[in-house]
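Asks: Sequence:
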Amino acid sequence: MRFCSFDLGAALEDENANRLREEDAGNFLDEDLVLEHELSPSELDRPASQSNAAGSCFPAEDNVPPPLTSRQRRNRRKTEMKRARRREEAARRDQEVQVSGYVLGCAKKAQPYTLDDFNAATLPISDPGWIGKGDAAPESLPKAQELRYLNWNGRDTVALLDGRDRLWALLGAPPPGAKDWGKVNEGLVDAFQKYDESSTFSKEDMQNRRSGGEYGLRDEGVSFAGGKTKPGNIAVRGIKNRAALRAFSESRYLGRVLGHTGRLYCTFANKLARESRRVFGELKAKFPEINFPSHPSAGGNCWAARCLNSAGKSKLARVSTKRHADYGNWAPNWCCVTAVGKFDPDKGGHLVFWNVGLVVRFPPGCSILFPSALITHSNIPIQEGETRYSIAQYSPGGFFDEDFLSSADEEALRKRSEDKSRRWKEGLGLFTKWQELVRGDYMGQELGDLSELSELSSEEEEPPKKRKKI
Numbered sequence: 001m002r003f004c005s006f007d008l009g010a011a012l013e014d015e016n017a018n019r020l021r022e023e024d025a026g027n028f029l030d031e032d033l034v035l036e037h038e039l040s041p042s043e044l045d046r047p048a049s050q051s052n053a054a055g056s057c058f059p060a061e062d063n064v065p066p067p068l069t070s071r072q073r074r075n076r077r078k079t080e081m082k083r084a085r086r087r088e089e090a091a092r093r094d095q096e097v098q099v100s101g102y103v104l105g106c107a108k109k110a111q112p113y114t115l116d117d118f119n120a121a122t123l124p125i126s127d128p129g130w131i132g133k134g135d136a137a138p139e140s141l142p143k144a145q146e147l148r149y150l151n152w153n154g155r156d157t158v159a160l161l162d163g164r165d166r167l168w169a170l171l172g173a174p175p176p177g178a179k180d181w182g183k184v185n186e187g188l189v190d191a192f193q194k195y196d197e198s199s200t201f202s203k204e205d206m207q208n209r210r211s212g213g214e215y216g217l218r219d220e221g222v223s224f225a226g227g228k229t230k231p232g233n234i235a236v237r238g239i240k241n242r243a244a245l246r247a248f249s250e251s252r253y254l255g256r257v258l259g260h261t262g263r264l265y266c267t268f269a270n271k272l273a274r275e276s277r278r279v280f281g282e283l284k285a286k287f288p289e290i291n292f293p294s295h296p297s298a299g300g301n302c303w304a305a306r307c308l309n310s311a312g313k314s315k316l317a318r319v320s321t322k323r324h325a326d327y328g329n330w331a332p333n334w335c336c337v338t339a340v341g342k343f344d345p346d347k348g349g350h351l352v353f354w355n356v357g358l359v360v361r362f363p364p365g366c367s368i369l370f371p372s373a374l375i376t377h378s379n380i381p382i383q384e385g386e387t388r389y390s391i392a393q394y395s396p397g398g399f400f401d402e403d404f405l406s407s408a409d410e411e412a413l414r415k416r417s418e419d420k421s422r423r424w425k426e427g428l429g430l431f432t433k434w435q436e437l438v439r440g441d442y443m444g445q446e447l448g449d450l451s452e453l454s455e456l457s458s459e460e461e462e463p464p465k466k467r468k469k470i
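FYI, the numbering for the sequence shown is 1 to 470, going by this note's numbering.
Hints were generated in silico from the structure; no laboratory data involved. In this text, a Cβ means the ideal position worked out from N, Cα and C, and glycines have one as well. Do not take every clue at face value.
To be verified - Distance ranges between label pairs, derived from CB positions:
| hint | residue 1 | residue 2 | range |
| --- | --- | --- | --- |
| 1 | D45 | E250 | 19 to 25 Å |
| 2 | D180 | Q72 | 40 to 46 Å |
| 3 | E146 | Q193 | 45 to 51 Å |
| 4 | D441 | S42 | 23 to 29 Å |
| 5 | E250 | R85 | 17 to 23 Å |
As the list claims (entries may be wrong) - Listed below are the simulated SDA-like cross-link pairs for lysine to any residue, each with C-alpha atoms no more than 20 Å apart in a straight line:
| hint | residue 1 | residue 2 |
| --- | --- | --- |
| 6 | K194 | D219 |
| 7 | K194 | K230 |
| 8 | K347 | H295 |
| 9 | K433 | V189 |
| 10 | K347 | K109 |
| 11 | K271 | P288 |
| 12 | K284 | K342 |
| 13 | K109 | G440 |
| 14 | K322 | S378 |
| 15 | K271 | G281 |
| 16 | K179 | K194 |
| 17 | K183 | Q207 |
| 18 | K322 | V359 |
| 19 | K194 | K284 |
| 20 | K313 | D180 |
| 21 | K284 | E43 |
| 22 | K322 | D219 |
| 23 | K315 | L217 |
| 24 | K284 | A84 |
| 25 | K230 | L35 |
| 26 | K109 | V359 |
| 27 | K342 | A84 |
| 28 | K322 | E386 |
| 29 | K315 | T387 |
| 30 | K313 | K433 |
| 31 | K342 | P288 |
| 32 | K82 | S294 |
| 33 | K286 | P296 |
| 34 | K313 | K347 |
| 35 | K322 | R361 |
| 36 | K203 | E214 |
| 37 | K313 | I239 |
| 38 | K183 | K433 |
Start from the sequences, fold in the hints, and give me the full structure.
Replies: Written as structure tokens, this is what we have:
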């Protein structure tokens with residue numbers, strides 16, 4: 001199904017202009033997470049709130065775990081050495097993001113859902129072109145009764161296309177042949193419950209501008225936003241909280257989700273994945289102290305950070321978001337949201353794409369990848385007595401600005417100011433075209449260098465040949 005009226009290029013250009021105005025005024029639209037290097041060791045080990053709510057089932061933070069035995073210390077050292085060797089091997093591997101023939105074959109079987117009245121070029125992007133523009137004005141979005149409904153079965157992977165053949169979002173079903181994927185969802189529910197029971201949550205941890213209710217939010221990984229001078233590790237306060245987060249990150253069920261969503265990203269958005277890996281590698285070389293989120297494959301990180309949305313101090317996890325855009329993220333990049341829990345997807349948990357005028361059924365155990373900095377989105381709340389958690393993987397836009405500034409000479413910096421209003425077109429060129437994918441050119445190599453896009457406007461693009469709608 002095509003979305004011809006949704007123009008991704010125009011949206012990127014609009015967001016680009018707004019970002020320049022905000023930066024010229026000295027304002028920052030990015031999220032302002034606290035980084036580890038901004039805190040003293042004592043502040044980092046102390047939770048944001050020392051006291052728990054009356055009657056809380058969560059442990060007090062001063063219950064420090066017992067010291068490790070000599071055998072446990074030896075085993076930990078061996079594990080750390082093995083991980084270090086795997087990281088070195090990953091660093092020596094070719095930086096090119098490749099996709100196996102089997103995965104590509106599965107991708108070709110995905111169902112294209114084309115919105116003829118949507119052009120991804122119209123999505124809102126800031127003037128510098130690195131991040132989103134901000135939350136869209138309510139009056140610019142369609143009314144609830146004007147939204148279309150996509151009854152996604154959660155079994156078939158569906159590629160969402162705009163009217164110009166751009167693959168702007170992906171409804172990611174479980175891996176083909178993974179008959180035990182229901183156990184992955186159940187295992188993650190158990191892991192989330194243990195994580196909540198072992199953690200403490202402050203008032204700030206229970207709600208932010210996106211929250212559709214009270215639930216626990218905790219970020220991990222690397223950030224570079226809110227006017228920071230350099231990237232850094234996101235601070236997780238409290239020894240117990242870091243231990244709980246580490247235990248959750250080591251869950252084999254989480255590992256399966258991370259591996260699968262990474263393959264979806266590298267297959268359906270290969271140019272974005274390659275650019276992300278390139279920037280991450282260069283930033284790690286320049287700032288060796290930063291640590292990207294854990295991943296089952298050494299060097300396999302596709303996103304710089306992830307956010308766990310859980311019950312927190314609430315009795316049940318009822319995660320949903322208000323209408324918002326994650327404008328601090330890298331503008332053209334896909335974030336990945338994975339729904340976890342026990343709820344009826346016909347009655348709640350749907351993902352709403354407001355710019356596009358689309359409501360998508362979102363079953364537990366499935367993932368949706370989309371440019372969250374550009375698409376204003378929200379969730380429909382679940383029913384009473386149900387549970388819904390989510391895992392969001394994302395990359396802040398500041399990384400990609402830092403990558404440019406770190407290697408730019410004086411002439412490049414001068415041109416940056418002149419060319420920033422056109423940078424959104426380069427981001428537009430990182431989206432996969434559906435016909436590239438079906439002919440096996442998932443890397444988009446036949447299109448030539450991306451610099452060719454700098455001379456194009458959205459009006460100059462040739463629309464693809466019409467084909468049967470699905």
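Asks: Run every hint past the structure and note whether it holds.
Replies: Now the hints, each set against the structure:
no.: 1; hint: D45 x E250: 19 to 25 Å; result: 21 Å, holds
no.: 2; hint: D180 x Q72: 40 to 46 Å; result: 32 Å, violated
no.: 3; hint: E146 x Q193: 45 to 51 Å; result: 39 Å, violated
no.: 4; hint: D441 x S42: 23 to 29 Å; result: 54 Å, violated
no.: 5; hint: E250 x R85: 17 to 23 Å; result: 18 Å, holds
no.: 6; hint: K194 x D219; result: 17 Å, holds
no.: 7; hint: K194 x K230; result: 34 Å, violated
no.: 8; hint: K347 x H295; result: 33 Å, violated
no.: 9; hint: K433 x V189; result: 36 Å, violated
no.: 10; hint: K347 x K109; result: 29 Å, violated
no.: 11; hint: K271 x P288; result: 25 Å, violated
no.: 12; hint: K284 x K342; result: 38 Å, violated
no.: 13; hint: K109 x G440; result: 12 Å, holds
no.: 14; hint: K322 x S378; result: 5 Å, holds
no.: 15; hint: K271 x G281; result: 16 Å, holds
no.: 16; hint: K179 x K194; result: 25 Å, violated
no.: 17; hint: K183 x Q207; result: 30 Å, violated
no.: 18; hint: K322 x V359; result: 14 Å, holds
no.: 19; hint: K194 x K284; result: 32 Å, violated
no.: 20; hint: K313 x D180; result: 31 Å, violated
no.: 21; hint: K284 x E43; result: 25 Å, violated
no.: 22; hint: K322 x D219; result: 18 Å, holds
no.: 23; hint: K315 x L217; result: 15 Å, holds
no.: 24; hint: K284 x A84; result: 14 Å, holds
no.: 25; hint: K230 x L35; result: 10 Å, holds
no.: 26; hint: K109 x V359; result: 23 Å, violated
no.: 27; hint: K342 x A84; result: 38 Å, violated
no.: 28; hint: K322 x E386; result: 19 Å, holds
no.: 29; hint: K315 x T387; result: 10 Å, holds
no.: 30; hint: K313 x K433; result: 44 Å, violated
no.: 31; hint: K342 x P288; result: 40 Å, violated
no.: 32; hint: K82 x S294; result: 14 Å, holds
no.: 33; hint: K286 x P296; result: 24 Å, violated
no.: 34; hint: K313 x K347; result: 25 Å, violated
no.: 35; hint: K322 x R361; result: 17 Å, holds
no.: 36; hint: K203 x E214; result: 9 Å, holds
no.: 37; hint: K313 x I239; result: 18 Å, holds
no.: 38; hint: K183 x K433; result: 34 Å, violated
The structure shown violates the earlier hints numbered 2, 3, 4, 7, 8, 9, 10, 11, 12, 16, 17, 19, 20, 21, 26, 27, 30, 31, 33, 34, 38.
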